[in-house]
Amino acid sequence: MRPSRSISQELTDLQRACRACDRCVRDGVIPAAAPTFQGRPDAPFFLVGQAPGPVELEERRPFAGRAGRELGRWMARAGFASDEEFRRLTYIAAVMRCFPGRLPSGKGDRPPPGRALRNCASWLDAELALLRPLVLIAVGQLAIRRFLGPGSLEERVGRTFGEDPLVIPLPHPSGQSRWLNDLANRDRLARALEALGEQRRLVAGVDPGADGAPGSRLDGR
Numbered sequence: 280m281r282p283s284r285s286i287s288q289e290l291t292d293l294q295r296a297c298r299a300c301d302r303c304v305r306d307g308v309i310p311a312a313a314p315t316f317q318g319r320p321d322a323p324f325f326l327v328g329q330a331p332g333p334v335e336l337e338e339r340r341p342f343a344g345r346a347g348r349e350l351g352r353w354m355a356r357a358g359f360a361s362d363e364e365f366r367r368l369t370y371i372a373a374v375m376r377c378f379p380g381r382l383p384s385g386k387g388d389r390p391p392p393g394r395a396l397r398n399c400a401s402w403l404d405a406e407l408a409l410l411r412p413l414v415l416i417a418v419g420q421l422a423i424r425r426f427l428g429p430g431s432l433e434e435r436v437g438r439t440f441g442e443d444p445l446v447i448p449l450p451h452p453s454g455q456s457r458w459l460n461d462l463a464n465r466d467r468l469a470r471a472l473e474a475l476g477e478q479r480r481l482v483a484g485v486d487p488g489a490d491g492a493p494g495s496r497l498d499g500r
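Counting from 280, one number per residue, gives the positions in the sequence shown under this note's numbering.
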């Protein structure tokens, strides 16, 4: 089903406003704003990550770096035929829209500050209210807590929550994470990807853009 013209236009207007946002710059959180997100108004999946990294800042494309390649491997395990199909079916955003900067040590990125999470919350709320996705993929603790509240990854990954949308938590695919060194956690990830794969099969008949129609691709560029 194609989105109505009004929804497509509302999303275009919303994204234009998000691209112009400089709240965190004015608050002294980051030196410059470059909101990064990507997706179509008819995407049945909605992925929420933590924040763009330096590669995403450069390319203005979510999950464009090493973590994105690992995420792509997970999505292939879940049954997405290609990265292009995954991105066609999934609106990709984050709890912080701009790159938070590197840690002073240079070993990794800063976690999104609380002020940035509060500044960005309205964009995420507005997108979800407008798009009403079937499945919400929460990647990493910050995104999981945003929707499910406090709790450990062990309690969340491998299970599904709610139904409108269905929430599927995943660990962050960062190479710096050691969570998947534990075999039990790998099993949890496998169950999560199996649940995601089931949802992918359920939406196989409503794949936006699969018929070759141009659709409407909207991103944070």
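The set of hints was computed from the structure by calculation and includes no laboratory data. Using N, Cα and C, we set each Cβ at its ideal position, and we do this for glycine too. A hint or two may mislead.
Stated by the list, open to error - Pair by pair, the computed Cβ-Cβ distance ranges are:
| id | residue 1 | residue 2 | range |
| --- | --- | --- | --- |
| 1 | S401 | D461 | 32 to 38 Å |
| 2 | L481 | A355 | 32 to 38 Å |
| 3 | G387 | L481 | 23 to 29 Å |
| 4 | L382 | E289 | 25 to 31 Å |
| 5 | G454 | D301 | 16 to 22 Å |
| 6 | A400 | I286 | 20 to 26 Å |
| 7 | L481 | A408 | 35 to 41 Å |
| 8 | D461 | E289 | 41 to 47 Å |
| 9 | A299 | A360 | 41 to 47 Å |
| 10 | E434 | R394 | 24 to 30 Å |
| 11 | G428 | P390 | 16 to 22 Å |
Taking 24 to 30 Å as the hint, is the beta-carbon distance of E434 and R394 inside that range? holds (28 Å)
Given the hint of 41 to 47 Å, is the C-beta distance from D461 to E289 inside that range or not? 43 Å Cβ-Cβ, so the 41 to 47 Å window holds.
Range agreement (Cβ of A408 with Cβ of L481, hint 35 to 41 Å): With a Cβ separation near 23 Å, L481 and A408 fall outside 35 to 41 Å, so the hint is violated.
If you check the beta carbons of G387 and L481, does the distance land in 23 to 29 Å? This hint is violated: roughly 37 Å between Cβ atoms.
Take a look at whether the Cβ-Cβ distance between A299 and A360 falls inside 41 to 47 Å. Violated: the Cβ-Cβ distance is about 35 Å, outside 41 to 47 Å.
Using the Cβ atoms, figure out if G428 sits within 16 to 22 Å of P390. holds (18 Å)
Cβ distance range 32 to 38 Å for S401 and D461, holds or violated: Given range 32 to 38 Å: holds, Cβ gap about 37 Å.
Is 20 to 26 Å right for how far apart the beta carbons of A400 and I286 are? holds (21 Å)
Outcome of range test on Cβ distance (L481, A355; 32 to 38 Å): violated (18 Å)
Range hint compliance [Cβ, G454 to D301, 16 to 22 Å]: 31 Å Cβ-Cβ, so the 16 to 22 Å window is violated.
Looking only at beta-carbon atoms, does the pair L382, E289 fall within the given range of 25 to 31 Å? violated (38 Å)
In summary, the numbered hints that this structure violates are 2, 3, 4, 5, 7, 9.
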